[in-house]
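Participant: Here the protein sequences come in this chain order: A and B.
Counting from 0, one number per residue, gives the positions in the first sequence under numbering that gives the first Met the number 0.
Counting from 0, one number per residue, gives the positions in the second sequence under numbering that gives the first Met the number 0.
Hints are computed from structural coordinates only; laboratory data are not their basis.
Beta carbons are placed, not taken as given, at the ideal position from N, Cα and C, and that holds for glycine.
Treat the hints with care, as some may be off.
To spell it out: a stretch of chain A is covered by chain B in this simulated footprint if at least three of its residues, at any positions, have a beta carbon under 8 Å from a beta carbon of chain B; those stretches are [said to hold, decoys possible]:
hint : stretch
1    : 61 to 72
2    : 94 to 103
3    : 119 to 131
4    : 178 to 189
5    : 201 to 210
6    : 242 to 250
7    : 258 to 271
Facing chain B, a subset of chain A residues (Cβ under 10 Å, in silico) [what the hints assert, rightly or not]:
hint : residue
8    : M0
9    : G237
10   : D301
Here are some of the chain B residues that sit facing chain A, going by a computed Cβ distance under 8 Å [as the list claims (entries may be wrong)]:
hint : residue
11   : A72
12   : M80
13   : G89
14   : P129
15   : P136
16   : F161
17   : M162
18   : T163
19   : V228
20   : I232
21   : Q233
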Amino acid sequence: MNKVMTMKEAVATHVQNNDFVYIGGYICRTPFSAVHEIIRQKKKGLTITRGNAADDFDMMIGAGVVRRFISTFISLGVYGLARCYRRSLEKCIPHKIEVEEYTNLSLPMMLMAGAMGMPFIPVKDLLGTDLMKIKGFLGENKYKLIDSPFDGKPVLVVPALNPDVGIIHVQQADENGNAQIWGIGGDCKYGANASKKVIVSCERIVSREVIGKDPSRTIVPDFKVVAVVEEPFASHPGYTPGFYDQDFGFGYLYKEASGTEEGFHAFLKEWVHDIPDRAAYIQHFIDRFGYAGYKKLQAKFDYGYPVSYEY
Amino acid sequence: MNEHPNDYIKPELMACCGAREIMDGDVVVVGTGFPTMSANIAKHTHAPRAVMLQESGVYDARPRRPALSVGDACLNPGAAMIGGLIDVMGMFLQGGWVDVGFLSGSQVDRYGNINTTCIGPYEQPKSRLPGSGGANPIGAMAKRGLIIVQHDPRRLPARLDFMTTPGYIDGPGAREKLNMPPKTGPSIIVTNKAILRFDPDTKEAYLASYHPGHTVDEIRRSTGWDIQVADDIQETEPPRAEELSVLRDILDPHRMIKIYEGKGYV
Chain A
0 MNKVMTMKEA
10 VATHVQNNDF
20 VYIGGYICRT
30 PFSAVHEIIR
40 QKKKGLTITR
50 GNAADDFDMM
60 IGAGVVRRFI
70 STFISLGVYG
80 LARCYRRSLE
90 KCIPHKIEVE
100 EYTNLSLPMM
110 LMAGAMGMPF
120 IPVKDLLGTD
130 LMKIKGFLGE
140 NKYKLIDSPF
150 DGKPVLVVPA
160 LNPDVGIIHV
170 QQADENGNAQ
180 IWGIGGDCKY
190 GANASKKVIV
200 SCERIVSREV
210 IGKDPSRTIV
220 PDFKVVAVVE
230 EPFASHPGYT
240 PGFYDQDFGF
250 GYLYKEASGT
260 EEGFHAFLKE
270 WVHDIPDRAA
280 YIQHFIDRFG
290 YAGYKKLQAK
300 FDYGYPVSYE
310 Y
Chain B
0 MNEHPNDYIK
10 PELMACCGAR
20 EIMDGDVVVV
30 GTGFPTMSAN
40 IAKHTHAPRA
50 VMLQESGVYD
60 ARPRRPALSV
70 GDACLNPGAA
80 MIGGLIDVMG
90 MFLQGGWVDV
100 GFLSGSQVDR
110 YGNINTTCIG
120 PYEQPKSRLP
130 GSGGANPIGA
140 MAKRGLIIVQ
150 HDPRRLPARL
160 DFMTTPGYID
170 GPGAREKLNM
180 PPKTGPSIIV
190 TNKAILRFDP
200 DTKEAYLASY
210 HPGHTVDEIR
220 RSTGWDIQVA
230 DDIQETEPPR
240 AEELSVLRDI
250 LDPHRMIKIY
260 EGKGYV
């Protein structure tokens, strides 16, 4: 089945108001074009999650599409604290989101448990800290401290997560959704597989035959995927290994803009609301920063030895 | 050549203090900035077989430019292994393979507990900070935690506004009671004024050495609790010529480390 569609169709069809959404990425392979489309379509009441959130989550929070955030961390990296996140929690602008806080170990473990159909999973972090004392919207189900059925010692267990939809950006996928990545993984593989359905955006659509030349790179099989969107440059200002580098200049632009509510909304208007799709985004980027500015981000090539799976 | 050139800046001294804590063969989880510099100084001097992990999923990266985040694009080409958070934080850290983890924060208390969550009350924060990220599990499970923080009473307070990352929690026996992995916990706090270490009995951080140009009195006044002073207190060894040449000639030829002076590490 050919699942190829536009990002507009994918988000309109598969992301509903009040959904629980996993959004992958770790600066590496951020599905930024999907994030922009979610904001453009003015989705409401979303619960969002992933380990180590960044500018994309900050933008959704500032745009008002988020109600709840299962979090481990959020910042703008070298550009410091996430401005919209701070405004939401410190000043209730545009509204105060509800946060449930874990760590870069426990949250990925909860997604892994979800992917594997387990009800909960033991972890060795969180113990003894205020992350145990503070419970958000999960309440008493944030964790349970139990006696191990094996040796009677205390063991902390955290619940499995199964998002309604997972959104990831990958280097390549086929038309049915077999999705392949290389480079820093974050919690992408488990987040996507924990989700009830997956939207895949990719730098390029390749044939099933190409997928089969290196099947160990596939992190999500096609039977979990409901939409495939060919979306070059989709991670910008994040990066995709082998395609383009992180755009630190644009990161600075966002930091400056998001420092004030007015600046943030002007940024959203210019880069999200007045832009119909990713192709127009690239064109606008080139109009603003010149073709040289676009070209500068493109990755060099340094191919490895091809692998052979033959017997 | 002088064994201890005197033209160093304070962040260089701090990076060297961190480096000297790393032993040959250590598995080290690093962030960006100080941790990477410290681990690389160690690798180029006394600990050539120390290896580095980034929590994002990278083992033994070979970056051609300084990484500005643990997810930086430059960490990909040339690494020995790339997986994800489950691989590094799960298989390696929780699996018990990590010797050294670097930590920092907006507040650190006498037991080496760290706050990276909020200033002010949690529900109504004056300043909302990023949260734990990988810090809490690193503090809970690395055999030796290396904490880097600026030395003033606000950042080294008597009480944290929020305990994000565990040190020795409320003192002796606390980690054991919670069944946290044995023989883990913070081993040193490197500040811009001093080195603090942890008393094996009380688990409290005490003043082990003062950096050149600072005094015990000044450091006591800059600490939010009544800090104990080691009987054998001494001056911190300044950067050695060999350490500085690694830092300046190989690791940081553009001396990006100077930005830490601007951040108050003076």
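Participant: Are the hints correct? Go through all of them and say.
Facilitator: These are the hints, each one checked on the structure:
no., hint, verdict
1, 61 to 72, "holds (count 3)"
2, 94 to 103, "holds (count 4)"
3, 119 to 131, "holds (count 9)"
4, 178 to 189, "holds (count 9)"
5, 201 to 210, "violated (count 0)"
6, 242 to 250, "holds (count 3)"
7, 258 to 271, "violated (count 0)"
8, M0, "29 Å, violated"
9, G237, "8 Å, holds"
10, D301, "6 Å, holds"
11, A72, "5 Å, holds"
12, M80, "11 Å, violated"
13, G89, "6 Å, holds"
14, P129, "4 Å, holds"
15, P136, "4 Å, holds"
16, F161, "5 Å, holds"
17, M162, "4 Å, holds"
18, T163, "6 Å, holds"
19, V228, "28 Å, violated"
20, I232, "30 Å, violated"
21, Q233, "33 Å, violated"
The structure does not agree with the numbered hints 5, 7, 8, 12, 19, 20, 21 stated previously, though it agrees with the rest.
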